[in-house]
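Colleague: In terms of UniProt numbering, the sequence shown opens at residue 1 and continues consecutively.
Bear in mind the hints are in silico, worked out from the structure with no lab data behind them. Glycine included, every Cβ here is placed at the ideal spot set by N, Cα and C. Treat the hints loosely; a few may be bogus.
[As the list claims (entries may be wrong)] With a Cα cut of at most 30 Å, we get these calculated BS3-like pairs of lysine-lysine:
#1 Lys46 x Lys64
#2 Lys50 x Lys60
#3 Lys60 x Lys30
#4 Lys50 x Lys37
#5 Lys67 x Lys35
#6 Lys30 x Lys67
#7 Lys50 x Lys35
#8 Lys35 x Lys60
#9 Lys37 x Lys64
#10 Lys50 x Lys64
#11 Lys30 x Lys50
#12 Lys64 x Lys35
[Stated by the list, open to error] Derived Cβ-Cβ restraints for the label pairs, each shown as a range:
#13 Lys67 x Ile43: 12 to 22 Å
#14 Lys67 x Pro41: 30 to 40 Å
#15 Lys30 x Thr58: 32 to 42 Å
#16 Gln24 x Gln51: 12 to 22 Å
#17 Asn26 x Lys67: 14 to 24 Å
#18 Thr58 x Pro23: 12 to 22 Å
#19 Thr58 x Ser34: 16 to 26 Å
#20 Thr44 x Lys67: 15 to 25 Å
#21 Asn31 x Lys64: 10 to 20 Å
#22 Lys46 x Lys67: 27 to 37 Å
#23 Pro23 x Lys67: 26 to 36 Å
#24 Gly42 x Asn66: 29 to 39 Å
#25 Tyr25 x Glu47: 16 to 26 Å
#26 Asn40 x Lys67: 11 to 21 Å
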Amino acid sequence: MTNFEFARVYLLFPTIIERRLAPQYNQFMKNNVSKVKADNPGITHKEAFKQVALMWATAKENPKVNKEVA
Numbered sequence: 001m002t003n004f005e006f007a008r009v010y011l012l013f014p015t016i017i018e019r020r021l022a023p024q025y026n027q028f029m030k031n032n033v034s035k036v037k038a039d040n041p042g043i044t045h046k047e048a049f050k051q052v053a054l055m056w057a058t059a060k061e062n063p064k065v066n067k068e069v070a
């Protein structure tokens, strides 16, 4: 199998963890970006997004942090 074929297979068939992690991350971001922007009225969207992404690293909703969620 060439590197190209391997990359193609990987892109077509992501792991189960990646499939479950993405929707949880997206929902977390959706719920929290607006809260951060409301708490910090002068913050840009990019800054709020960065802040919430850092929050995800230790969030209880993150299956990599909380093994019970996974």
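Colleague: Looking back at the hints listed earlier, which ones does the structure fail to meet?
Modeller: 13, 15, 20, 23 and 26
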